[in-house]
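In order, the protein sequence lines correspond to chains A and B.
All residue numbers for the first sequence refer to the numbering used here, where the first residue is 1 and numbers rise by one.
All residue numbers for the second sequence refer to the numbering used here, where the first residue is 1 and numbers rise by one.
Since the hints were derived computationally from the structure, they do not count as laboratory data.
Just so you know, not all the hints are guaranteed correct.
As the list claims (entries may be wrong) - Subject to a maximum C-alpha distance of 27 Å in a straight line, what follows is the list of computed DSS-like cross-link-like pairs (lysine-lysine):
| hint | chain 1 | residue 1 | chain 2 | residue 2 |
| --- | --- | --- | --- | --- |
| 1 | A | K377 | A | K353 |
| 2 | A | K376 | A | K345 |
| 3 | B | K99 | B | K194 |
| 4 | A | K317 | B | K13 |
| 5 | A | K258 | B | K13 |
| 6 | A | K317 | A | K353 |
Unchecked claim - Over the 10 Å line for every Cβ pair with chain B, so calculated as not near, a few chain A residues:
| hint | residue |
| --- | --- |
| 7 | S8 |
| 8 | R18 |
| 9 | L130 |
| 10 | Q133 |
| 11 | H189 |
| 12 | V213 |
| 13 | W245 |
| 14 | I260 |
| 15 | H272 |
| 16 | E294 |
| 17 | A352 |
| 18 | G357 |
| 19 | E373 |
| 20 | K377 |
On a predicted model such as this, the values are computed, not experimentally measured, just so you know.
C-beta: ideal position from N, C-alpha, C; glycine also.
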Amino acid sequence: MLERKVVSPEYMFFEAPREKKYLIGNEAVAEAVKRANVDMVISYPITPQSEATHIVGDIYAQGYVKDYYRGEDEFNVMSAMAGAAMGGVRAFTATSGPGTLRAFEMFPCWAGERLPIVCAFMTRGVNSPLTIQPDNIEIGWLADTGMLIFHAEDPQDFFDMILQAYVIAEQPDVHLPVGVCADGFFVTHTREIVELTPEDEMLPPYDPSVSPVVTMDMETVPVRHMKDPFVMKSNYISYNTHASWQQEVRAAAERARKYITRYMGSPVEVVHPGAEILFMASGTAAAQARVAMERMRAEGIDIGLVKIKVIRPFPEKEITELAEVPRIIIIPEHNITGWLARDIKSRVNNNAKIYGGPRVFGGMTMPPEMLVEETKKLLLNLVTA
Amino acid sequence: MSTLLGFPKNGYKVVPGPETYLSPSAAAMGVVLPNEGEALIEGDIVPEEVAYEEIANRLLSARNPTLFPGPLVLWAWSEKAVAKARALLEMVGEVPGMKIIPMPDYRPKYPMINPKVEINPNHPNLTIWHNNIDVCVFVGVHCHFANLALKIIRAGTDCYTIALCGQRGHEDAMITLRDVHAEEVMDLTDTIRKVKMERLSC
Chain A
1 MLERKVVSPE
11 YMFFEAPREK
21 KYLIGNEAVA
31 EAVKRANVDM
41 VISYPITPQS
51 EATHIVGDIY
61 AQGYVKDYYR
71 GEDEFNVMSA
81 MAGAAMGGVR
91 AFTATSGPGT
101 LRAFEMFPCW
111 AGERLPIVCA
121 FMTRGVNSPL
131 TIQPDNIEIG
141 WLADTGMLIF
151 HAEDPQDFFD
161 MILQAYVIAE
171 QPDVHLPVGV
181 CADGFFVTHT
191 REIVELTPED
201 EMLPPYDPSV
211 SPVVTMDMET
221 VPVRHMKDPF
231 VMKSNYISYN
241 THASWQQEVR
251 AAAERARKYI
261 TRYMGSPVEV
271 VHPGAEILFM
281 ASGTAAAQAR
291 VAMERMRAEG
301 IDIGLVKIKV
311 IRPFPEKEIT
321 ELAEVPRIII
331 IPEHNITGWL
341 ARDIKSRVNN
351 NAKIYGGPRV
361 FGGMTMPPEM
371 LVEETKKLLL
381 NLVTA
Chain B
1 MSTLLGFPKN
11 GYKVVPGPET
21 YLSPSAAAMG
31 VVLPNEGEAL
41 IEGDIVPEEV
51 AYEEIANRLL
61 SARNPTLFPG
71 PLVLWAWSEK
81 AVAKARALLE
91 MVGEVPGMKI
101 IPMPDYRPKY
111 PMINPKVEIN
121 PNHPNLTIWH
131 NNIDVCVFVG
141 VHCHFANLAL
151 KIIRAGTDCY
161 TIALCGQRGH
171 EDAMITLRDV
181 HAEEVMDLTD
191 TIRKVKMERL
201 SC
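Take these sequences, add in the hints, and give me the full structure.
This is the structure:
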C-alpha cells in the first residue's frame, strides 16, 4: 500500500491533478473507496455489483480499508452496516436489484437513525421472471426511504459521486445515508476513460463526535439511546414523536442541497437550456439522450438536455425553472414505471407538455437511434394533431 | 412534509405557537441554516451579533426563562464540555430567575417523567406546560433530538425557543446560534450584562 496523506474535500474535488485510466464502472468504485478513507466494507455478491466489492476486498488486503467481511445475505449486510455506522466508522457496501429488495427494510432504518452510510446500487431488473440485466426500477422505490439518491451517468460519475457522497452525508446537519446508483452493466461493465485523483491522497477521516445522534462507541457521552420503540406505545405522544422524527429526516435531506451545490456544482447538468425541446433524464438514459440530442441538433432540431444527477433531494427549483422554457419535455427511462417522469410531472406547471418515455427495461438497451426516431414521431404527431 | 396547505415557501416564520396539529419542519418550509458568522431569528438570517442582543432581550424580558442542557454539557466527557458547562452556569447566573431543567437522555419517559426536574425530547411539552416556561434555551442536546423537540414545542405551546448549537444551528428554533462553544457562551453572557446595564440606565 502507498503511504497516503489526508487532503481536504475541496482540494480533492477541484484542485487535485487527475490521471486518466481506462476502467469499468466497478473498478472505478473500488478506486473511489480507496480514496474515501473507508473504515469498513461489508459485502454480499450479486450481479452486476459483485465485481466491485470483490475488488474492494483486494484493496482491503492491501491495507486501504480497515475491515472487510462477507455477510450472510443482503439483509444481514445492511443490518451490519447500520451497526458499523452507529459505532462511528465510515462504511461502504453495494448491492443490486433483488439484493436491494431483500435488504429494503434497512434503508429507511439507516435514514431514521441518521447513519451516513454510502451504498452503491448497481441497478438491475428484479424477479420474476429471473433477470440479471439492466433496469433501474429500484431507484423509484429507494427514492422514498429518506436516503439521498444520486444517479451516475458513467464510470466517471460513479467515481466522483461516491467520494462526494461521503462528504455530503457526513455533514452534521445532514448526516444521512446516500445511495449512489448506476445502471448495471451499462456503467458497471463498460470500460471508459476515468480521471482519477492521486492514489496517495484520501479524504479526512469521519468524525463521529459531530453526529446529530448518539454514537454508540462508548467514547462519547454516556447516554441511553432512543431505543424504546414507539410502536409499543399507543398514544398521542408516541405518534407525534414519530411524526416529528420523520420530518427531521426529510429536513436533513433539505439541508443537503447546500452541500450538493458546494461539492457537486449543481444537482443537474444543463445542455442548451433555451431549446424548444428538452430531454430530462438520469443515468444511462441521460448518456443516450445526449447522443440523440447531438444528432438531432445536427439536423437542425432545437433540442437540449437536462441531466438529473440528484434524485433525492429532488431538484425541484431547478427543474421547475428549466421546464418553463421548452414547448416539449421528453423523459426517457430505463424502467417500466417511469418514476422520473412521475417526479417531474408532479412538480411542473403545465405538465401536459411532458412526455414520459420512451422507456426500456428488462435488459433492453436504449439506442440513440430509437430516441431520435421516437422524438421525430412525437413531433410529427403533434404537427398532425 | 408540510401540513400547512397553501402556505408559500420562503414566507414562513418560525414563531411561538401553538401553531397547528402537526407543525412542518422549518427546513421543509424553505428556512435554511445560517453560514459562519450568521444566526437565525424566526427564520431570517441575521448577523450573529444581532441574535446575541435578541437572545439577551428575550431572556431578560421572560417571566420564567429556563435552560435545557443536554448530555453534551451535562457530562464531563471532554475539557471543552466542562468549559462550556461552566460558562453556561455563569450565563444562567446573569439572568434573573433563570432555572435549569436538564435533558439527561433521550428515551421517552411518559407517563413516569417528573416534569419539575427534567425534560425529554419526545414529550417536551409536559415539562414546558408544568413549569409555565415562556422562554427556553436548548444547549448540548444532540441536533436530531433538539430538532425533534423544537418542532413539538412550536406545534403545541407558546414557548419562545432559543438554540445554542455547537454545530450548524436549528431552523426549528425561534433564535439559533451556530458554532457555540465556551467562548461564544461567554460572549453571550457579556451581551446579557451589557443589555442589563442599558435597561438599568433607562
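Hints, verified against the model:
1. K377/A <-> K353/A: holds, 15 Å
2. K376/A <-> K345/A: Between K376/A and K345/A the Cα gap is close to 22 Å, so the pair holds against 27 Å.
3. K99/B <-> K194/B: Between K99/B and K194/B the Cα gap is close to 21 Å, so the pair holds against 27 Å.
4. K317/A <-> K13/B: holds, 21 Å
5. K258/A <-> K13/B: Status holds; Cα separation ~21 Å.
6. K317/A <-> K353/A: Between K317/A and K353/A the Cα gap is close to 18 Å, so the pair holds against 27 Å.
7. S8: holds, 16 Å
8. R18: With a cut-off of 10 Å, R18/A remains clear of chain B, as the shortest Cβ separation is near 30 Å.
9. L130: Consistent with the label, L130/A stays out of reach of chain B, its closest Cβ about 38 Å off (over 10 Å).
10. Q133: About 36 Å separates Q133/A from the closest Cβ of chain B, which puts it past 10 Å; holds.
11. H189: Non-interface label stands for H189/A: nearest chain B Cβ at 38 Å, farther than 10 Å.
12. V213: For V213/A, whose nearest Cβ neighbour in chain B is about 5 Å away, the distance does not exceed 10 Å, so it is violated.
13. W245: Given that some Cβ of chain B is not farther than 10 Å from that of W245/A, nearest at about 6 Å, it is violated.
14. I260: Non-interface label stands for I260/A: nearest chain B Cβ at 13 Å, farther than 10 Å.
15. H272: Since the minimum Cβ distance to chain B is about 29 Å, H272/A lies beyond 10 Å and the statement holds.
16. E294: Holds: least Cβ distance 37 Å, greater than 10 Å.
17. A352: About 23 Å separates A352/A from the closest Cβ of chain B, which puts it past 10 Å; holds.
18. G357: holds, 29 Å
19. E373: Its Cβ never comes within 10 Å of chain B, the nearest being 41 Å, so this holds.
20. K377: holds, 39 Å
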